[in-house]
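Enquirer: Residue strings, one per chain:
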Amino acid sequence: MMEAFLKTGKLGQSSGASAAGSKKTSQSQGGGKRGPAPWVEKYRPRTVEDVAYQDEVVSVLKKSLSGADLPNLLFYGPPGTGKTSTILAAARDLFGDMYRERILELNASDERGISVIRDKVKRFAQLSASGRRPDGRPCPPFKVIILDEADSMTKDAQSALRRTMEKEGRSTKFCLICNYVSRIIEPLTSRCAKFRFKPLANTILQGRLEMIAAKEGIKVSEAGMGALLTTSEGDLRMAITTLQSCARLKSGGDGPEAITETDVSELSGVVSKEWLDRIMSTLQNNSYFDMENLLQEFMCEGYSISQLIHQIHVQVVQDDHLSDGQKSQICEALAVSESRLLDGANEYLQLVDISSTMMSTFAKGA
Amino acid sequence: MSLWVDKHRPKKLSKMDYHAELSDHLTRLVSSGDFPHLLIHGPSGAGKKTRVMALLRELYGHGVDRLRIEHQGFETPSKKKIEILTIASNYHIEVNASDVGIYDRIVIQELIKTMASSQQLNSEGDPRNHPEKQNNPPMGIALKIGLELPVNASDVGIYDRIVIQELIKTMASSQQLNSEGQRDFKVVVLTEVDRLTKDAQHALRRTMEKYMATCRILLVTNSTSKVIPAIRSRCLNIRIPAPSVNEVMRVLQTVAKKEGCNLPSELAQKISEKSQRNLRRAILLTEACKVQQYPFKNDQDVMDLDWEVFLKDTAQQIVQEQSPKRLQEVRGRLYELLTHCIPPDVIFIGLHKELVKNCDGELRTEVTHLASQYEHRLTQGNKSIYHLEAFVAKFMSIYMKFVEETMGDF
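Quick note, the sequences are listed as chains X and G, same order.
Here the numbering used here runs 1491 ahead of the position in the first sequence, where the first position is 1.
Here the numbering used here runs 70 ahead of the position in the second sequence, where the first position is 1.
Isolated chain X, as found in the complex (with noise of 0.2 Å):
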């Protein structure tokens, strides 16, 4: 049990002493001299209201904060949409000061097999929560359990979880987090509010970022704000992320310089224009040897292929020279070898198999 607790001890300090920079000026030790904290934990939403752009999601919440019962809650979506981040905030404005101790939060790094469950969940989910904090105020008689990245758990630690989230359901709310809510099993999926949360629009991204790049005193570039959009295609994380890499990169030697579309494609992996075209250039000469040349060379630059792939379909979409059949020839090419790669198949291997398909599929049409 106590050691649920110190974990959570834990979770709450660090996630706190990143908070600290602005907020609480005691704590153990400093995230001011140990250099810049990830702005992605600086300005991680401190409270429901805070959470850009997922509004349903608030709006229960907040009715919930305001006195009404907590469902258990089920969040899914795509990364970097603020799932975690909610229920975060939301605990930390139900519990206030008691944060620590009732909250038990499990992710992937923790062990989370089916023993797990059955102790250190079960004995936590039994402890009883009292509407009283110690000083007497009122507050939330439960507790709140969140297994993060709840996809990764086995089968069997799932189905364990389903009595126990029934039998204690008065005491502790669950709140399971995952990227896709199919990897949950249907007997947890109904006993949940589910809410999906939707990739962040392009205008709630550059607010964020404009706001967090004005406090860091950095200058971005109109054409970086762009690719910073499209890259992160509504991830807010990896967007902060790229932003905060490029003012690293660009810090050091004289004075801030302002962050430009180079620099944030070449640090979000992003295979670059004149890579594509001539890819795509070759593809359409029909000239095997040509593209065998040109695809050893490509690998030789370290760029990933599962990037290429998404890159090449966006085009391969977009292009009106391309018949309706063609478009669909390419992108089943596309998409089997896109898991296949998922599976851990060679990146050359696949990528020749897309461009000869691609070349023949090109020839053909012509």
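Zero decoy hints are in this set.
Think about it this way: if two alpha-carbon atoms lie no more than 16 Å apart in a straight line, the pair counts; the simulated EDC-like pairs of lysine to aspartate or glutamate are:
1. G/Lys81 with G/Asp94
2. G/Lys423 with X/Glu1788
3. G/Lys268 with X/Asp1642
By construction, these hints were calculated from the structure, which means they are not laboratory data.
Assemble the complex: chain X is given as a structure, and chain G must be docked to it using the hints.
Expert: Okay, now just chain G, sitting in the frame of chain X:
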């Protein structure tokens, strides 16, 4: 005598022979004394590890060169004991977690946690929060001795014990002195991240955020395709492209000059092209050439690697005849390659490259398609010979059909 590759490895970021802009970026990055988690990716022989070490040296000084090799034991929840080889200095630890196969997740969970919490002791954190304190004897001392020992002890014969004792004392006190210059964090270098299981990668996600204060993680990988997006978005991605042929040539010539031999530019050119822009291979080849024949001649043959020749012959055999008997012979040769530890995907690439040369048009697309399909299956299965053989057999059958059809036209 060490290999040229190790001997002439640049020690400082400023001494890197190519990618000057990248080195400049990295220098700026560490100049503030702090950096985010890094994901360093690039083809092999591009200088990833060299840059990582240079980066660490820039941060911690020469302490990082005092390496020690340790076996670390871990216990899985099912009480199975696993052991892994780590290379560590006082400031960083380097692990190839994929060595332990499916147990890599445990290694990552345990390792980073111990690493992160042991650090706090040194930086006068609140010891009450860290019951692990007792488990961390001043290991740095013992291990530093281990490395200094061979030099000193042999010089003083039977008095080595005294030397060691003295050494420990000086070490212990110098440790104290150094501690002011120490950083607040340690570095975990994880190599071959692309071979980590998904499970282990997921385990890294939150760990990376949680222990940000005490621990930086440097991930080194050949390709980012196999790294899950959640990790990619938590790291500063640094791409290290392979050096161009000209850059390889330049490096070869500097190395040769340092070794006091004269490398004709034509030979350098030949070697660089043969090495496929892999600098490590290029330097090894140069050294091999020197052993073979010195002084260098312009028209000197650059050694082909045996297995490459062998693979080419195998492909040739497949094209020459398509029959069950030949298939069996090819199987023998494939086994031979596998027993010499040539990775199956490399065999696939080699075979594919040679076979495609003998095909045209549609057939090429088909063969390529097959190669990628069978190679994919190989990653999911675990007996590589089946998949290699299936590919060969399939190729034989479509090639035969193709030849018959073209013959039929005449």
